[in-house]
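As given, the protein sequences belong to chains A and B, one line each in that order. Mapping of the first sequence onto the numbering used here: residues 2 to 329, in sequence order. Mapping of the second sequence onto the numbering used here: residues 2 to 329, in sequence order.
Source of the hints: derived by calculation from the structure; they are not laboratory data. Do not take every clue at face value.
Copies of one chain are not kept apart here, so a pair can be met inside one copy or by any two copies together.
Stated by the list, open to error - Calculated lysine to any residue pairs in the SDA-like style (CA-CA distance at most 20 Å, straight line):
(1) 23 / 96
(2) 23 / 53
(3) 264 / 188
(4) 299 / 249
(5) 217 / 262
(6) 45 / 263
2 protein chains.
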Amino acid sequence: MSIKIGILGYGNLSRGVESAIKQNDDLELVAVFTRRNPEGVKIKTEGVGVYSVDEIENFKDKIDVLVLGGGSATDLPEQTPKYAKLFNVIDSFDTHARIPEHFENVDKAAKEAGKVGIISIGWDPGLFSLLRMVSTAVLPEGNNYTFWGKGVSQGHSDAIRRIEGVVDARQYTIPVDAAVESVRNAENPTFTARQQHTRECFVVAEEGADLARIEKEIKEMPNYFEPYDTTVHFISKEELDKNHASLPHGGFVIRSGKTGFEKENSHIVEFNLKLDSNPEFTGSVIAAYARAAYKLNKEGASGAKTIFDIPVAYLSSKSAEELRKTLL
Amino acid sequence: MSIKIGILGYGNLSRGVESAIKQNDDLELVAVFTRRNPEGVKIKTEGVGVYSVDEIENFKDKIDVLVLGGGSATDLPEQTPKYAKLFNVIDSFDTHARIPEHFENVDKAAKEAGKVGIISIGWDPGLFSLLRMVSTAVLPEGNNYTFWGKGVSQGHSDAIRRIEGVVDARQYTIPVDAAVESVRNAENPTFTARQQHTRECFVVAEEGADLARIEKEIKEMPNYFEPYDTTVHFISKEELDKNHASLPHGGFVIRSGKTGFEKENSHIVEFNLKLDSNPEFTGSVIAAYARAAYKLNKEGASGAKTIFDIPVAYLSSKSAEELRKTLL
Chain A
2 MSIKIGILGY GNLSRGVESA IKQNDDLELV AVFTRRNPEG VKIKTEGVGV
52 YSVDEIENFK DKIDVLVLGG GSATDLPEQT PKYAKLFNVI DSFDTHARIP
102 EHFENVDKAA KEAGKVGIIS IGWDPGLFSL LRMVSTAVLP EGNNYTFWGK
152 GVSQGHSDAI RRIEGVVDAR QYTIPVDAAV ESVRNAENPT FTARQQHTRE
202 CFVVAEEGAD LARIEKEIKE MPNYFEPYDT TVHFISKEEL DKNHASLPHG
252 GFVIRSGKTG FEKENSHIVE FNLKLDSNPE FTGSVIAAYA RAAYKLNKEG
302 ASGAKTIFDI PVAYLSSKSA EELRKTLL
Chain B
2 MSIKIGILGY GNLSRGVESA IKQNDDLELV AVFTRRNPEG VKIKTEGVGV
52 YSVDEIENFK DKIDVLVLGG GSATDLPEQT PKYAKLFNVI DSFDTHARIP
102 EHFENVDKAA KEAGKVGIIS IGWDPGLFSL LRMVSTAVLP EGNNYTFWGK
152 GVSQGHSDAI RRIEGVVDAR QYTIPVDAAV ESVRNAENPT FTARQQHTRE
202 CFVVAEEGAD LARIEKEIKE MPNYFEPYDT TVHFISKEEL DKNHASLPHG
252 GFVIRSGKTG FEKENSHIVE FNLKLDSNPE FTGSVIAAYA RAAYKLNKEG
302 ASGAKTIFDI PVAYLSSKSA EELRKTLL
């Protein structure tokens with residue numbers, strides 16, 4: 002008997018979840034819900050319906066876990082607590098500063114309904130958080146470093162697209178080699194944002210647009226680009242579509258710590274991801290934790306959970322005996 | 002109030018645990034137990050007693066978690082179940098093939114006594130297992146690779162020491178660069194043992210010993226050296242003590258997996274350790290999981306647990322709220 006999954010929204014991340022479900026025999030996609038006209042949404046999985054979100058309550062007993070594919074700015078703060086009243090839910094909420102508040106809202110709704118709500122799943126927050134937590138507990142005296150890239154930041158690409166005269170854009174976040182090397186050599190450096198990452202932008206401008214003005218607006222954009230060394234390349238729409246269509250990403254979390262009665266020994270713990278497709282990998286993490294949501298709830302658990310609260314055995318379709326035998 | 006830790010045995014690993022306890026304010030070493038004459042064992046932590054293992058029962062209510070510092074061949078199969086009847090226990094049992102049997106024995110004893118017994122903690126088995134499990138669940142279609150080194154294998158060093166005419170030895174396990182590169186490039190290779198690691202040995206021989214015979218015996222030793230390209234260097238005791246006194250180690254686990262409806266996207270998940278001191282890092286992992294044993298038992302849990310069964314939040318002295326705020 003498979004675990005029945007619903008997905009709300011059908012953007013890049015939801016497509017990644019759909020693809021991941023297909024790779025897991027014990028997971029079954031049963032419905033995609035949309036706020037648009039369902040007839041305009043064509044999904045890849047044959048035989049699975051697309052429904053208006055207005056119909057979602059009718060699926061109360063037909064879905065084991067609802068995946069929320071929306072964004073952290075406005076969708077998830079409202080949707081995750083709302084749907085935790087009906088379903089076990091999982092989201093990829095990534096506004097770090099608002100996680101405590103989001104957790105409380107989901108926890109309250111999920112507990113009242115006897116459901117499990119897993120929040121902030123993906124790779125950062127998500128697997129990177131897991132590794133930061135474990136390595137900090139193991140090496141209490143040390144420093145954490147997070148590098149992102151080389152890869153496409155969708156948030157930064159969107160920020161460029163909002164500039165007047167810009168048709169399309171891709172922004173790559175790139176770790177600075179010297180910074181990475183210093184961390185891996187256990188030098189325990191401190192960095193400004195500029196010293197740790199650079200930003201490279203490929204921009205398609207409208208015909209006749211003022212390129213100098215666009216470049217200036219990008220480079221001076223507070224928070225997004227101003228604190229970094231930023232390079233801007235203007236290219237054609239054809240070139241963007243040809244060379245920058247995919248959404249690769251990655252990065253690494255490093256804990257640099259010391260042990261010994263005299264702190265004489267250094268240790269480097271690194272977790273490193275190289276991803277051809279950010280949404281498909283993120284979707285794969287979400288699929289595994291959707292399985293965990295189902296298993297936890299089946300055992301009687303309820304309320305909000307994060308990646309810190311869930312034994313990793315719950316991620317697998319294999320039994321605990323099998324896992325001990327093959328992967329320990 | 003601190004968590005009271007006892008350690009049975011006082012070899013390299015136990016010293017690493019002792020050092021880790023000193024770095025964690027909420028952990029307190031209260032006793033070291035030995036099968037030797039306690040008066041001959043001098044530990045580093047001031048004010049803490051060394052006792053004969055015959056006295057261990059007297060500490061039943063004075064110790065929250067007993068760390069078993071012994072070896073997997075003969076000590077732990079007997080000791081972990083035995084002491085799980087008296088204490089929450091933790092060990093670093095690393096005979097992969099016998100883990101299911103060891104788990105059952107510890108589980109039975111610990112459940113009867115209402116204690117928690119955490120087995121096979123360290124980095125392999127241990128953190129490497131955790132990463133293998135998570136990344137296999139996230140990327141169900143793919144391959145796992147484990148590389149060890151560059152670092153000192155104590156088992157292989159011991160094997161050389163047992164050869165007639167050998168005074169002392171250090172064996173370094175070294176990953177083959179071309180193999181590592183192929184895996185990181187998502188080529189999904191298959192390897193023989195020889196293609197994945199080489200072995201380099203530094204050997205101090207007795208005066209007048211037959212060096213050619215020793216070298217031959219090393220290189221032809223089944224399982225340990227025969228399946229590998231092995232280099233043997235004969236050096237003086239002084240040189241060994243000067244250049245090969247420390248016990249560095251490390252290695253990395255890589256999951257190479259594919260996603261997408263056409264399996265068109267590759268992903269590389271790598272967990273990498275570079276350790277100046279293998280016993281101190283292993284001891285640090287054990288200290289964090291000793292905290293988890295205490296917390297789990299305090300909440301009413303009992304029985305055997307592995308790294309797959311324990312939410313990582315239990316490793317930390319910080320509250321769940323604090324962890325969500327700072328590390329998620």
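Hint check, failures only:
1, 2, 4, 5
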